[in-house]
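There are 2 protein chains.
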Amino acid sequence: MESRFTSFVGGPTGPWKIVSLRAVCGDGIPQASHLELRDGLNEVEDATWQLRGVASNLRYTQESERKALAAVQPALGRAEARCAALIPIRKTAAWWLLAQDERRAIVEEQSRHIAIGMAYLPAVARKLFHARDLGEPFDFLTWFEFAPEHAAGFDALLQALRASPEWDYVDREVDIRLARVR
Amino acid sequence: MESRFTSFVGGPTGPWKIVSLRAVCGDGIPQASHLELRDGLNEVEDATWQLRGVASNLRYTQESERKALAAVQPALGRAEARCAALIPIRKTAAWWLLAQDERRAIVEEQSRHIAIGMAYLPAVARKLFHARDLGEPFDFLTWFEFAPEHAAGFDALLQALRASPEWDYVDREVDIRLARVR
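Chains as they are written, first to last, in the numbering used here: chain A, 651 to 832; chain B, 651 to 832.
Just chain A, with the same shape it has in the complex (with noise of 0.2 Å):
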């Protein structure tokens, strides 16, 4: 079975080149220059900086939702998929504090969460990995691939959310654009 923990290990060696890193709200993170994905959480030697995270149950996806998703998300390693993005976000105290109905109206009734992101299915493949009660300095880490020609879209699928009001509760954000290299 494979893992659902996953390490995010930015340092100098990687099947991923670090095209760009740059903190959108809150602190950022240090600079380096490859990207490796690692099964578990145990601490990599020579890591610049690592991030943790666990592939969790659906929080707020309902079954209609996760139904219409299935049909046409594609999977992660798509050969064509020679682009990716790491985006660690964390939310606000705030947020935690809502109760699970309040949060779910926040995240699709008034800001389209699932909606903006079938949008973008299935040029752009997304997986969600879960960090904050790992203790994680981030509460998700979101990974995403799609082809070259697609990026421009992807673009597009994070300004609409980070315009939408449930972006009032990130209150830490970094963007990571990556290009495979093997």
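By construction, these hints were calculated from the structure, which means they are not laboratory data.
On a predicted model such as this, the values are computed, not experimentally measured, just so you know.
One copy or two, either will do: identical chains are not told apart, so a pair holds if it fits within one copy or between any two.
Each computed SDA-like pair below joins lysine to any residue, with the alpha-carbon atoms no more than 20 Å apart:
hint, residue 1, residue 2
1, 717, 744
2, 717, 754
3, 777, 714
4, 777, 721
5, 777, 820
6, 717, 747
7, 717, 746
8, 717, 749
9, 777, 690
10, 777, 830
Fit chain B to the supplied structure of chain A, relying on the hints for placement.
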């Protein structure tokens, strides 16, 4: 700030004497004489077992329910609460593959999990720890505290939950009863 991470440590010492420890379904855990709650997840020497959990955001509770609970739920550590229970449970893979609305419907609309717990407030104080995304053998650890005169009520609470549709998805459960010794 209080740590969100807690270790429940079974072993030869601790402020809680283990009065009984039995498997309700699935594999049990070894007998131990005492229990100690420790902040953090670090491995404790001389532990017979150590179960780790994290206090996290609400997963199913809606705002109206949160408010109603907040109005009646007591703090942990009341002087009269000389009895406690630790109930580790694991849910099936099928449960974790359900969408959010499907799990919510089973938890509350079908099983009245929140309403059942509410009926025993303020007698039975309760705190939920999440363990699945820490890679732990159980998915949840729930800690309960109550005065000796509410022990029968606590048994009725557990009986009602175990008879609910939600418990069809529980494939491992251990029931640990405790008495405060210092």
